[in-house]
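Participant: Single-letter residue listing:
There are 2 protein chains.
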Amino acid sequence: MNLELPKSEHPRVLVIGGGFGGIELAKKLRNKPFQVVMLDRHNYHTFQPLLYQVSTGGLEPDSIAFPLRKIFKGQENFVFRVTEVQEIIPEANKVITDIGEISYDYLVMATGSTTNYFGQKEIEANAMPMKTIPEALNLRSLILQNLEKSLIENNKVVYDTLLNFVVVGGGPTGVETAGALSELKRHVLKNDYPELDLNKVNIYLIEGSPELLGAMSPQAQKKAKDFLVEMGVTVLTESRVLSYDGSTLKLADGQSIPTSTVIWSAGVMGELIPGFAAASIVRGNRLKVNAYNAVEGYTNVFAIGDIAAMITEETPLGLPGVAPAAIQQGKHLAKNLYNRVSNRALEPFKYFDKGSMATVGRNKAVVDLHKIRFQGVFAWFAWMFVHLMTLVGFRNKVVVFVNWVWNYFSYDRGTRLIIREYEKRPKEPEPTQTIL
Amino acid sequence: MNLELPKSEHPRVLVIGGGFGGIELAKKLRNKPFQVVMLDRHNYHTFQPLLYQVSTGGLEPDSIAFPLRKIFKGQENFVFRVTEVQEIIPEANKVITDIGEISYDYLVMATGSTTNYFGQKEIEANAMPMKTIPEALNLRSLILQNLEKSLIENNKVVYDTLLNFVVVGGGPTGVETAGALSELKRHVLKNDYPELDLNKVNIYLIEGSPELLGAMSPQAQKKAKDFLVEMGVTVLTESRVLSYDGSTLKLADGQSIPTSTVIWSAGVMGELIPGFAAASIVRGNRLKVNAYNAVEGYTNVFAIGDIAAMITEETPLGLPGVAPAAIQQGKHLAKNLYNRVSNRALEPFKYFDKGSMATVGRNKAVVDLHKIRFQGVFAWFAWMFVHLMTLVGFRNKVVVFVNWVWNYFSYDRGTRLIIREYEKRPKEPEPTQTIL
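So the protein sequences, as listed, match chains A and B. So for the first sequence, the UniProt record's numbering puts the first residue at 1; every next one is plus one. So for the second sequence, the UniProt record's numbering puts the first residue at 1; every next one is plus one.
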């Protein structure tokens with residue numbers, strides 16, 4: 001059954017996903033001769049770079065989420081529906097969703113990425129992902145519940161599993177999470193849990209390759225590792241996880257770590273929706289796109305952001321899965337869609353690499369801006385500034401800023417709350433359905 | 001099995017509940033010759049007077065919650081455990097909890113109150129309570145999900161149920177919630193849902209007695225009602241709910257309202273724990289206490305706040321269930337416990353009534369300070385000032401203040417997020433248990 005949507009005389013651009021790429025594209029189509037229909041399973045945009053601060057009690061979840069409807073307030077050609085898309089039928093120019101079928105003239109896949117366990121089912125069943133707000137809140141509950149449980153635990157083995165925290169994956173998310181856990185331990189736990197022996201609380205960061213922050217400069221890699229070690233994190237590089245059954249993490253070198261908290265930030269893959277020809281799908285569940293972001297094999301289907309693999313000679317693996325790439329592609333595609341309906345020539349996409357950065361702790365960050373590289377206090381302020389500016393919504397910026405100032409001067413993490421009990425997989429909002 | 005707690009040479013005061021009364025008492029026992037053990041099912045204190053702003057998207061939940069451990073940072077005689085108390089055994093001076101048995105020298109019941117459905121099972125099964133943060137978040141999800149669903153609903157009857165919002169109970173919570181819903185409708189929905197016919201969105205406030213705000217002055221009652229009517233709320237007084245099956249609310253006068261959202265703020269009762277003699281329990285599931293807050297029939301068991309019924313000639317129904325009463329009793333009982341172990345005379349409790357206030361909307365509140373009564377803008381600022389001052393935690397005060405300023409100037413409600421799907425009863429954190 002077709003879903004009833006407001007009528008429009010203009011061609012319909014159907015955007016799946018309200019992440020960085022999707023919202024940039026939809027914004028840029030304002031006052032253009034299109035009807036923009038956006039679908040997302042949430043009614044809000046998530047600022048993923050700060051999810052780790054929600055998990056570790058530094059920020060309230062609501063300050064990194066922004067209502068999607070509010071972003072497009074007053075945009076007359078914009079229609080939004082909360083739903084999950086089940087299948088794409090490109091040959092019929094339509095998608096099937098939980099609330100009905102929706103046809104399109106142009107389809108934009110902006111679905112982002114999801115956690116990649118590389119097929120390891122046991123790890124998937126027991127480790128904690130951190131890609132959505134419910135997942136981050138779930139992790140926050142688990143960490144705090146484990147601390148509470150440790151106070152009443154008499155079994156020494158179980159006690160250790162409660163107080164060992166393992167982060168797998170040494171990319172920016174893994175580094176930032178391990179650093180935040182270390183600060184939680186050193187600044188908050190000693191006050192909150194005077195009964196607890198802090199020497200028993202251990203934080204591990206496990207990375208398969210020889211260096212952390214693989215995409216950054218050797219200086220940044222070294223400095224990040226030094227920072228972490230200084231902060232008491234056990235950094236294990238060239239270390240591979242063999243298995244994790246929920247209580248023991250086994251490494252390829254024979255080591256094993258008793259732990260009930262494994263945070264999995266070792267990889268992502270495209271959040272693919274069924275229906276695409278096999279030839280258009282490449283490594284990491286991504287859609288192969290050309291320089292105009294058109295998906296291989298299709299003329300009116302596009303992909304932007306993490307789900308898109310724009311493979312060129314300079315970028316044989318595609319572009320990095322970061323917000324600037326998604327934003328630039330969203331902006332560019334909006335322009336090309338308008339060029340197309342105006343019968344003007346399309347322009348190929350050119351990625352402008354803004355550099356990269358990661359924060360480890362207070363006064364401790366690393367920044368690579370091409371040839372300019374710096375680490376430490378100034379890098380940390382730069383990191384905070386860039387993140388505040390990118391955060392969607394003025395209210396959110398103010399609330400995050402207040403928290404950061406507060407945390408800086410008080411050494412505190414104010415939102416260490418177990419609002420809902422930890423569940424292995426948090427329940428996501430169900431797609432909107434008719435009650436009939 | 002006894003729960004192991006840190007050793008102490010001093011008598012143990014066991015406080016059940018980290019609400020206004022419990023935290024005031026425990027704070028005042030700092031540096032006194034007691035071991036203070038506090039139990040709560042949450043690891044945070046909830047600022048209940050602002051829960052309705054969480055439900056209606058005006059405040060983030062984390063800004064009205066405060067970690068209990070943090071309140072008592074550095075208080076050496078304080079021990080905290082997250083757990084639910086199952087039974088009190090006064091004759092053995094101990095309580096049974098999910099994590100083991102705990103003995104006491106003095107027991108303080110500070111468990112507060114819970115929603116009272118007056119035995120109406122069908123209403124309990126279908127209406128929404130709003131006494132805890134998970135409940136308030138659940139209500140927020142329901143309200144927003146209903147709006148999203150209405151956009152894809154073709155059945156006219158179901159459509160009406162989604163857009164009729166009914167608040168039952170005309171006390172401060174009911175008045176404040178109805179007012180907040182009206183502001184959400186008038187200031188947010190018209191921007192967020194341009195497709196929606198706002199005339200179809202109706203807000204009802206139902207009260208059994210002839211006046212709203214029964215405990216306040218006739219001026220305040222009249223003005224609150226005028227404010228609500230002006231804001232488009234349908235106020236039905238002398239109106240009794242007969243039944244609610246989840247889709248139709250039936251009133252005693254024969255009227256019926258199709259609605260899938262009924263917010264039940266019609267009554268509270270004490271959050272009683274089994275184990276007390278029947279003679280000590282009075283109307284509304286409360287514990288009868290004397291002027292020293294000792295529970296009738298016991299010499300070392302006390303009750304403060306909403307769970308306590310201090311019945312005197314002037315207050316035949318007990319004291320009102322408000323924060324100042326709980327705080328004053330907590331402070332007073334701490335003093336009397338110290339008097340008792342110091343062999344000094346106990347002092348009877350005297351309630352200092354600070355007056356009462358309720359807010360209806362922006363620039364619209366009512367305040368009764370004994371003989372001084374005022375309504376409108378100044379009352380509204382007074383209401384905000386008093387609530388900000390009572391809110392626990394400086395970070396929370398700042399975040400709430402930022403939100404209020406933001407909401408005032410933008411007419412916005414920034415946290416309209418469906419983070420977790422609505423469930424009839426939100427899952428509460430489970431008490432901490434050993435894994436063994």
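Keep in mind the hints are simulated off the structure, nothing from the lab. Worth double-checking, as some hints may not be accurate.
Pairs count within a copy or across copies, as identical chains cannot be separated in the list.
[Stated by the list, open to error] Heads up, simulated DSS-like pairs for lysine-lysine below, C-alpha to C-alpha not over 25 Å straight-line: (1) 354 / 424; (2) 32 / 190; (3) 70 / 288; (4) 397 / 371; (5) 222 / 354; (6) 28 / 73; (7) 250 / 190; (8) 190 / 73; (9) 288 / 200.
Participant: Which numbered conditions among the earlier hints are violated in the structure presented, ordered from lowest to highest?
Facilitator: Hints 1, 3, 4, 7, 9 contradicted; others consistent.
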